[in-house]
Structures are given as C-alpha cells and as structure tokens.
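*Asks:* Letter by letter, the chains look like this.
2 protein chains.
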Amino acid sequence: MAGTSTSTMRNNASASHPSNGAVLDLETRAKKGDHQALRLWLRLLSCTVRIENKIRLRLRREFNTTLPRFDLMAQLERSAGGLRMNELSRRLMVSGGNVTGITDQLEREGLVVRADCPGDRRAFTVKLTDTGLKRFREMAARHEQWIIELLGGLARDEQETMINVLWKLKAHINGAASAALKPNRRSQAGGTR
Amino acid sequence: MAGTSTSTMRNNASASHPSNGAVLDLETRAKKGDHQALRLWLRLLSCTVRIENKIRLRLRREFNTTLPRFDLMAQLERSAGGLRMNELSRRLMVSGGNVTGITDQLEREGLVVRADCPGDRRAFTVKLTDTGLKRFREMAARHEQWIIELLGGLARDEQETMINVLWKLKAHINGAASAALKPNRRSQAGGTR
DNA sequence: CCGAGAAACTTGACATCTAAACTATTTATA
DNA sequence: TATAAATAGTTTAGATGTCAAGTTTCTCGG
Chain X
28 MAGTSTSTMR
38 NNASASHPSN
48 GAVLDLETRA
58 KKGDHQALRL
68 WLRLLSCTVR
78 IENKIRLRLR
88 REFNTTLPRF
98 DLMAQLERSA
108 GGLRMNELSR
118 RLMVSGGNVT
128 GITDQLEREG
138 LVVRADCPGD
148 RRAFTVKLTD
158 TGLKRFREMA
168 ARHEQWIIEL
178 LGGLARDEQE
188 TMINVLWKLK
198 AHINGAASAA
208 LKPNRRSQAG
218 GTR
Chain D
28 MAGTSTSTMR
38 NNASASHPSN
48 GAVLDLETRA
58 KKGDHQALRL
68 WLRLLSCTVR
78 IENKIRLRLR
88 REFNTTLPRF
98 DLMAQLERSA
108 GGLRMNELSR
118 RLMVSGGNVT
128 GITDQLEREG
138 LVVRADCPGD
148 RRAFTVKLTD
158 TGLKRFREMA
168 ARHEQWIIEL
178 LGGLARDEQE
188 TMINVLWKLK
198 AHINGAASAA
208 LKPNRRSQAG
218 GTR
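Line by line, the protein sequences are chains X and D. Every number in my numbering is 27 more than the matching position in the first sequence, counting from 1. Every number in my numbering is 27 more than the matching position in the second sequence, counting from 1.
It cannot be assumed that every hint is accurate.
To be verified - Pairwise CB distance ranges, derived in the manner of DEER restraints:
no., chain 1, residue 1, chain 2, residue 2, range
1, D, Gly108, X, Ala167, 46 to 56 Å
2, D, Ile190, X, Arg83, 44 to 54 Å
3, X, Arg149, D, Cys144, 49 to 59 Å
4, X, Asn91, D, Lys161, 17 to 27 Å
5, D, Arg105, X, Asp143, 48 to 58 Å
Claimed, not checked - Covered stretches of chain X, as calculated for chain D (at least 3 residues, CB under 8 Å):
no., stretch
6, 63-72
7, 77-85
8, 93-100
9, 136-143
10, 152-166
In case anyone wonders, no lab produced these hints; they're calculated from the structure. Because the structure is a prediction, the values reported are computed rather than measured. Every residue gets a Cβ at the ideal spot worked out from N, C-alpha and C, and that includes glycine.
Make the full structure from the sequences, and use the hints.
*Replies:* The structure is reproduced here in structure tokens:
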C-alpha cells in the first residue's frame with residue numbers, strides 16, 4: 028500500500044540499487060588516506076542506518092507502528108513493574124520531551140498506561156496494558172526474525188567477535204564521556220528566581 | 028554558551044552515569060536467553076547512538092551546526108565539481124525533500140550554492156562556497172579528533188577486524204534488501220489508468 | 001513534431017527529535 | 001522550619017525526516 032512509487036528521488040536507501048558495483052554513500056566521505064578510526068566510524072554508521080531503515084519500514088508495513096514506539100514497549104516488557112519516564116529516557120537514549128510524546132501516542136492507542144507512582148507525586152510509572160503486551164510479543168517475534176536475516180551474512184564466530192569488541196567500545200565511550208563534559212556543570216537555574 | 032543546565036532530564040546518555048556498574052540501556056531489551064544476532068544488533072545500535080549523540084552535541088557546542096549539515100558538506104568536499112541533489116540524497120541515505128531543506132539552510136548561511144547544471148535545466152549542482160570549504164575543513168579536523176578519541180578504546184587490529192566484518196555485513200544487507208522488497212515493484216504511476 | 005512517461009527538484013502535511021524553558025514536587029540545609 | 005536547589009515531567013520552538021503530490025524539463029517512440 029505504501030509502496031506505490033511516483034518519483035524516483037524517494038526510496039533512496041532501499042530499492043534503488045539492489046546490488047550495484049558502484050558503492051557511493053555515506054562512506055564516500057572517507058578518502059583513501061583517511062585514518063582508520065574514521066573509516067571504521069563511517070562504516071559502522073552506514074551499516075546501522077541501513078538496518079534501522081529496513082526495520083522501520085517493515086514495522087510500518089506489517090504493524091503500522093514505528094521504531095521508537097517499538098523500542099519503548101520493548102523496555103517496558105523487560106521490566107515487570109513498569110518504568111518511570113526518566114528511566115525510559117535514559118535507556119532509550121532520547122530526550123525527556125521525546126519520551127513524553129511517544130508515551131502519549133502509545134497511551135492513546137491503549138498499549139501503555141501511566142500509573143501514579145507511590146511515594147513520589149511528581150513521577151509516573153509507565154506500564155504495558157494487556158493489549159500492549161500481547162501486541163508487543165507479536166512484533167518482537169517478527170522483529171527477531173528480521174534481525175537474524177539481516178545479520179545473517181555473518182558467521183557465528185564473526186558475530187561473537189563483534190559482540191565482544193563492541194562491548195569494549197561501549198565501555199570506553201562511557202568513560203570518555205565525562206571527561207568532555209566536565210567544564211561548566213554549575214550554572215544553574217535559580218539565578219533568575 | 029549553550030551549556031547552561033537547568034533540568035536533569037536532558038543529557039541522558041552522557042553525564043548521568045560516568046562509569047557505573049549497572050548498565051541498563053537499550054541493550055536491556057536483550058534477555059539472557061536471547062539469540063546472538065539480536066544481542067549483536069542491540070549492541071551495535073547502542074554504540075552508534077552514543078557516538079552520534081556525542082558528535083551532535085560537540086558540533087553544536089563548538090561550531091553551532093548540526094550533523095546532517097556537516098554530513099552534506101562532507102559529501103560536497105569530496106566532490107570537486109559539486110553534486111546534484113539526487114546524488115546527495117542517495118549518498119546521505121535520506122529523502123529528496125530532506126536534502127532540499129538542508130541545502131536551503133546551508134545556502135542561507137552562505138556555505139553552499141546551487142549552480143545551474145549545464146545540459147539539464149531540471150537539475151542543480153550544489154557546491155561549497157569558499158567560506159563553506161574553509162569552515163568545513165575546520166570542522167572536519169575537529170571531527171576526526173573526536174572520532175579517534177571515541178574509538179580509541181579499540182586497538183588497531185580490533186579496528187581492522189571491525190572494518191572487515193562490517194564490510195561483509197554491508198554487502199549482505201544490500202543483497203538482502205531486494206529480496207524483501209520484491210513483491211510490488213510494478214505499481215508505478217500510470218498503472219492506475 | 002507530438003505526446004506519454006520518466007526524472008529532478010520543490011512543496012506541504014505531518015511525525016520525530018533536541019534543547020531549553022516552565023510547573024510541580026521533593027530534598028537538603030542552614 | 002524556611003528556603004534554595006534538585007528532580008520528574010511537560011511544553012515550546014525549531015531542525016530533521018518521510019511521503020505524496022505538484023511543477024518543470026527530458027527522452028523517446030511514432
């Protein structure tokens with residue numbers, strides 16, 4: 028239904044060039060003489076974006092939903108008691124305002140609810156409804172099939188290697204974070220009062 | 028100057044937990060029993076998003092610009108004669124309408140120009156201005172430092188391994204693409220008639 | 001040469017995302 | 001216990017992104 032094509036400029040990353048030889052894309056930014064780290068980053072980005080785009084498209088086609096909504100529900104399914112907004116924001120690595128918006132949507136669709144948080148009247152606990160849980164389980168099953176298919180180009184041991192190296196990378200990034208952000212932490216509100 | 032902090036809910040993925048033991052984020056979606064491919068995907072996504080967020084933040088802080096604008100300029104710098112809009116759209120893996128918007132911005136800022144395309148009056152050639160080139164070079168230098176810093180947690184040979192495995196992955200994805208999209212390829216305009 | 005269809009780009013409607021300001025509540029502290 | 005500061009969440013403005021429809025120009029078969 029969503030696939031009727033009129034112009035050519037759309038469909039960029041998907042149907043346009045199924046298996047061409049001339050690969051000119053994000054990675055093109057990397058010159059021959061560029062450093063290793065930059066090449067790695069661009070390749071990492073390129074792969075991730077491609078996979079994400081495919082998942083996004085399929086979620087829309089088959090379940091009429093979006094990736095952020097799916098991700099939020101996935102987090103909730105993992106946490107029996109539900110999660111507070113700020114915890115969702117942290118785990119999904121998106122802004123608080125964004126979580127508000129996505130939660131609004133899901134609540135309107137009857138897939139999650141905001142419940143009062145005992146002991147803190149500022150906060151909510153967001154939970155999946157029964158419908159939401161059922162719906163998520165359907166999607167999650169398909170989703171995993173897609174991932175297995177898309178990453179199927181790698182052998183088991185290659186996947187294992189990647190997992191390990193990425194773990195190391197993640198640890199490093201978390202460390203490197205604080206160093207760059209230290210400067211001005213103390214310029215708080217209240218000055219205006 | 029953009030760094031005055033008021034609320035806490037921002038800065039989610041960065042300053043909140045510099046080096047804690049409890050890592051609960053996107054990857055939390057993966058249960059212990061989950062399959063390898065899914066774990067790999069979530070870890071890949073998690074790392075990419077973290078790095079992207081940091082780069083985005085720094086581009087804003089130091090150069091008051093954004094990632095898409097930087098990416099577009101990067102493509103132009105690589106192509107001496109400039110690039111047409113549709114080529115930019117393809118390489119950046121975003122829609123044509125999006126490229127129009129980003130180009131408008133950069134043109135307003137005097138960093139790129141649309142030049143007539145000899146031989147095809149439908150098309151433009153987008154080029155960096157002198158200012159744009161100068162500005163990009165400054166940003167690119169910093170950008171590469173950041174990448175080297177952020178990926179610096181990996182040894183040379185680990186980086187090399189990743190580059191190779193990701194290359195294989197990318198090739199696979201490009202192939203897997205067409206298979207899933209085959210169904211309705213020929214529902215083109217004119218089909219209605 | 002003409003007309004149909006394809007191609008290049010723009011536009012408009014709308015979803016998503018960030019950053020920053022704002023409200024309400026809780027915590028810390030003097 | 002006042003009160004300043006921190007926290008939880010929402011809201012707003014603006015950039016980014018998609019999709020689909022619209023305009024102009026090309027291309028090509030008859």
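*Asks:* Are the hints correct? Go through all of them and say.
*Replies:* Structure-based check of each hint:
1. D:Gly108 x X:Ala167: 46 to 56 Å: holds, 48 Å
2. D:Ile190 x X:Arg83: 44 to 54 Å: violated, 26 Å
3. X:Arg149 x D:Cys144: 49 to 59 Å: Between X:Arg149 and D:Cys144, where Cβ atoms are some 57 Å apart, the hint holds.
4. X:Asn91 x D:Lys161: 17 to 27 Å: At roughly 47 Å between Cβ atoms, D:Lys161 and X:Asn91 fall outside 17 to 27 Å, so the hint is violated.
5. D:Arg105 x X:Asp143: 48 to 58 Å: Holds: the Cβ-Cβ distance is about 55 Å, inside 48 to 58 Å.
6. 63-72: Check passed, 9 qualifying residues.
7. 77-85: holds (count 6)
8. 93-100: violated (count 1)
9. 136-143: violated (count 0)
10. 152-166: violated (count 0)
Checked against the numbered hints given earlier, this structure breaks hints 2, 4, 8, 9, 10; the rest are met.
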